[in-house]
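Make the full structure from the sequences, and use the hints.
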Amino acid sequence: MIKKGIYFLLIVFMGSQNFLAQEKLTQNEKLETLCKVWGFLKYYHPNVAKGTYNWDNQLIEKIKEAEKTETKKQFNKMIFEWIDGLGKVEICKTCNEKNDKKNFLKNFDLNWTDDENIFTKNVIEKLNFIEENRQTGTQYYVNSIPNTNQINLKNEIIYNENFPEINIRLTELFRYWNLVEYFFPYKYQTDLKWNDVLKEMIPRFQNIKNETEYQFALLELVTKVDDSHASYYSKKIEESFGLQYLPTKVKFADNKLVITHLYENKLNLKYDLEIGDIITKIDNKTISEIIEFYKKYVPASNYNVKIRNMIYQNYFFRTNNEFLNLEIERKGKVITVKVPTLNNKNLVFQSTKNEDSKWKILDNNIGFVNMKILEKEDVNKMYEELKNTKTIIFDIRNYPKGTAKSIMNLLSNKPNQFCDIIKPDLSYPGKFQYEDSKNFILGNKENNSPYQGKIIILVNETTQSHAEFSTMILQTFPNSKVIGSQTSGADGNVSKFNLAGKPTVFTGLGVFYPDGKETQRIGIVPDIEVKPTVKGLQENRDEVLERALEYIKYGK
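Numbering-wise, the sequence shown is residues -21 to -1, 1 to 535 according to mature numbering (1 follows the signal peptide of the UniProt record, and there is no 0).
Incorrect hints may appear among the rest.
Said to hold, decoys possible - Calculated cross-link-like contacts (lysine-lysine; reagent style DSS-like; alpha-carbon spacing at most 25 Å):
1) LYS67 <-> LYS41
2) LYS264 <-> LYS230
3) LYS433 <-> LYS510
4) LYS235 <-> LYS264
5) LYS29 <-> LYS133
6) LYS496 <-> LYS417
7) LYS275 <-> LYS264
8) LYS355 <-> LYS384
9) LYS235 <-> LYS260
10) LYS249 <-> LYS317
11) LYS410 <-> LYS275
12) LYS535 <-> LYS460
13) LYS393 <-> LYS274
14) LYS433 <-> LYS535
15) LYS51 <-> LYS178
16) LYS275 <-> LYS260
17) LYS29 <-> LYS41
18) LYS475 <-> LYS29
19) LYS81 <-> LYS355
20) LYS366 <-> LYS433
21) LYS245 <-> LYS230
22) LYS230 <-> LYS514
23) LYS235 <-> LYS274
24) LYS355 <-> LYS460
25) LYS460 <-> LYS532
26) LYS514 <-> LYS310
27) LYS324 <-> LYS215
28) LYS178 <-> LYS274
29) LYS514 <-> LYS264
30) LYS481 <-> LYS214
31) LYS410 <-> LYS424
32) LYS433 <-> LYS369
33) LYS3 <-> LYS81
Stated by the list, open to error - Estimated spans, in silico, between C-beta atoms of each pair:
34) THR512 <-> ASN122: 45 to 51 Å
35) LEU326 <-> ASN426: 45 to 51 Å
36) GLU190 <-> TYR533: 57 to 63 Å
37) ASP63 <-> ASN122: 24 to 30 Å
38) ASP88 <-> GLU217: 33 to 39 Å
39) SER336 <-> TYR533: 25 to 31 Å
40) GLU192 <-> ILE420: 46 to 52 Å
Hints were generated in silico from the structure; no laboratory data involved.
Note that beta-carbon positions come from the ideal geometry of N, C-alpha and C, so glycine has one too.
Laid out in structure tokens, this is it:
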């Protein structure tokens, strides 16, 4: 009998311990929840969304209060009283009105507001009531830019400290996380789920020991949006990577790094390097090892753009040392060379290629247009000279000057929709609305002399944003082919704001094909894929253009 009594008490004790364990929230859980509640109230609670409060200060106060709470009940009491103290939320008579706007919901997620493992019933009811009676009018922290599809992220406090205290660091993290949560159209596409980014980065931002670590954490955060538009520049990071590098231009082909140009230098230093050299190791590190190190610091929609940006920023050769040791493949032999490094001020930058004419006629009556330098005022003259060619090649391995719409109206008299665009719905943050598709139809019905030939569009990893948009426009021409390699995968205008006192951006509008097919991250998928080869680079050939001419000649 005594044994049974002891056994019963043991079960009761273990059950009570388990119950108490379930009632506790970890510090990380409390901070994750604070981030989400703070961001939700910022854009949804009418009194907060109007800018009534110093919202950053409110967050810092609540971080300190949350740290002192030990149980779920205490934490929720704090949240409930916080929300209650923000003032009455009036019933919204228009919030549930239906409209004819089509919504894009892949990013929308307020399921966390119903999480009974975190919230008590009374807090859940408050959060749901605010969602149902949210701010639908003017927002203090975000507004639409007149006559555009873009939004303006505004009225944020800028913290310029190089290494602020922990709660300011968390404020920067929470602010950025919520901007992406509610206003980044491609949040659903990130490699690491956005909720998991928050879980990972909170302890990272808490445990930072110095300015350099802080700057690297911010850059890693920006990189996690997986967007080629995203950027974060820090002098401290640049110094850490190194301010010296080699006077070379390189390209990546067949997973190899090939020297394609050698710059002159003001110190008249001589280099045992040649155009066409294949660099296999740098200071005893393979190219793959260097890529692996830098990839978490390079914002990009896809792998090809990571490599592109590493090359643009000289990451393969960045150092603070006076020399680099290179292992090189040259004409079938492997050699090792020790080469001096230079800083930017000692390099002589000159154009590596003379800019071609804006347009020309190649052999066999083929038109060629350099979209990088074609101006809007040139379009009519260009078409007049090329309209009788059998094919026009539009080179968009560059950044065009807004000419594609005018070109399309000259090429075609059959109106076609070339894209769908979504923009943030400021009356229901986290949701996005489709723009009127009539705004994205091109082809002039009154055009009595449409182009009778074929068109070819050349693309590669430098084809980004407006260049991708231009490609989508020209793709609607019935006899069109895209030739080249995967584009940047960052289509749509950008949203600008500050992060830790420094300007940054991410893609602000979502761009899709009319059938819903995505372009973000994937990029424009070529009809015929062609990538430069090591041999082609060594021979200074344009293999993409060569393949286009081959297609024109043989039809395949």
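Now for the hints, and whether the structure bears them out:
1. For the suggested pair LYS67 and LYS41, the alpha carbons sit about 20 Å apart, so the restraint of at most 25 Å is met.
2. The straight-line distance between the Cα atoms of LYS264 and LYS230 is roughly 18 Å, inside the 25 Å bound, and the hint therefore holds.
3. For the hint pairing LYS433 with LYS510, the CA-to-CA distance comes to about 22 Å; that is within 25 Å, so the pair holds.
4. Distance restraint check for LYS235 and LYS264: the Cα-Cα separation of roughly 13 Å lies within the 25 Å cut-off, and the hinted pair is therefore satisfied.
5. Distance restraint check for LYS29 and LYS133: the Cα-Cα separation of roughly 12 Å lies within the 25 Å cut-off, and the hinted pair is therefore satisfied.
6. With a CA separation close to 18 Å, the supplied pair LYS496 and LYS417 stays within the 25 Å bound.
7. For the hint linking LYS275 to LYS264, the alpha-carbon distance of about 18 Å falls within 25 Å, and the restraint holds.
8. As the CA atoms of LYS355 and LYS384 are separated by approximately 10 Å, the hinted pair is consistent with the 25 Å bound.
9. For the hint pairing LYS235 with LYS260, the CA-to-CA distance comes to about 10 Å; that is within 25 Å, so the pair holds.
10. With a C-alpha separation of about 11 Å, the suggested pairing of LYS249 with LYS317 holds against the 25 Å cut-off.
11. For a cut-off of 25 Å, the pair hint linking LYS410 to LYS275 is broken: about 29 Å separates their Cα positions.
12. Of the supplied pair hints, the one linking LYS535 and LYS460 holds, its CA atoms being roughly 11 Å apart against a limit of 25 Å.
13. Simply put, LYS393 and LYS274 have alpha-carbon atoms about 44 Å apart, too far for the 25 Å limit, and the pair is violated.
14. A C-alpha spacing of about 13 Å is found between LYS433 and LYS535, which places the hinted pair at or below 25 Å, so the restraint holds.
15. Between the alpha carbons of LYS51 and LYS178 the distance comes to roughly 18 Å, so the proposed pair stays at or under 25 Å and holds.
16. For the hint linking LYS275 to LYS260, the alpha-carbon distance of about 21 Å falls within 25 Å, and the restraint holds.
17. Of the supplied pair hints, the one linking LYS29 and LYS41 holds, its CA atoms being roughly 20 Å apart against a limit of 25 Å.
18. For the given pair, LYS475 sits about 21 Å from LYS29 by alpha-carbon distance, which is consistent with the 25 Å threshold.
19. Between LYS81 and LYS355 the CA atoms are separated by roughly 33 Å; this puts the pair beyond 25 Å, and the hint is violated.
20. A threshold of 25 Å between alpha carbons decides the hint, and for LYS366 with LYS433 the separation of about 11 Å falls inside it, so the pair holds.
21. Taken as a hint, the LYS245 and LYS230 pair is honoured in the structure, with Cα atoms around 24 Å apart against an allowance of 25 Å.
22. Of the supplied pair hints, the one linking LYS230 and LYS514 holds, its CA atoms being roughly 12 Å apart against a limit of 25 Å.
23. With a CA separation close to 16 Å, the supplied pair LYS235 and LYS274 stays within the 25 Å bound.
24. Annotation: proposed proximity of LYS355 to LYS460 holds, straight-line Cα distance about 23 Å (limit 25 Å).
25. For the hint linking LYS460 to LYS532, the alpha-carbon distance of about 14 Å falls within 25 Å, and the restraint holds.
26. Annotation: proposed proximity of LYS514 to LYS310 holds, straight-line Cα distance about 11 Å (limit 25 Å).
27. Restraint check: the Cα-Cα separation between LYS324 and LYS215 comes to about 18 Å, which is no more than 25 Å; the hinted pair holds.
28. For a cut-off of 25 Å, the pair hint linking LYS178 to LYS274 stands: about 21 Å separates their Cα positions.
29. Straight-line distance between C-alpha atoms of LYS514 and LYS264 comes to about 24 Å, which keeps the hinted pair within the 25 Å bound.
30. Proximity of LYS481 to LYS214 is assessed by CA-CA distance (about 11 Å); at most 25 Å being required, the pair is judged to hold.
31. For the given pair, LYS410 sits about 36 Å from LYS424 by alpha-carbon distance, which is inconsistent with the 25 Å threshold.
32. Annotation: proposed proximity of LYS433 to LYS369 holds, straight-line Cα distance about 7 Å (limit 25 Å).
33. As the CA atoms of LYS3 and LYS81 are separated by approximately 42 Å, the hinted pair breaks the 25 Å bound.
34. Taken as a hint, the range 45 to 51 Å holds for the pair THR512 and ASN122, whose Cβ atoms sit roughly 49 Å apart.
35. Range check, LEU326 to ASN426: about 49 Å between beta-carbon atoms, so the 45 to 51 Å window is met.
36. Judged by the Cβ atoms, the range 57 to 63 Å given for GLU190 and TYR533 holds: they are separated by roughly 59 Å.
37. The hinted window of 24 to 30 Å between ASP63 and ASN122 holds, with their beta carbons roughly 28 Å apart.
38. Evaluation of the 33 to 39 Å hint for ASP88 and GLU217 yields a pass: the beta carbon distance comes to about 36 Å.
39. Between SER336 and TYR533 the C-beta distance comes to about 27 Å, which sits within the given range of 25 to 31 Å.
40. The hint said 46 to 52 Å for the Cβ distance between GLU192 and ILE420, and at roughly 51 Å that hint holds.
Figure legend: structure checked against the earlier numbered hints; hints not met, in rising order: 11, 13, 19, 31, 33.
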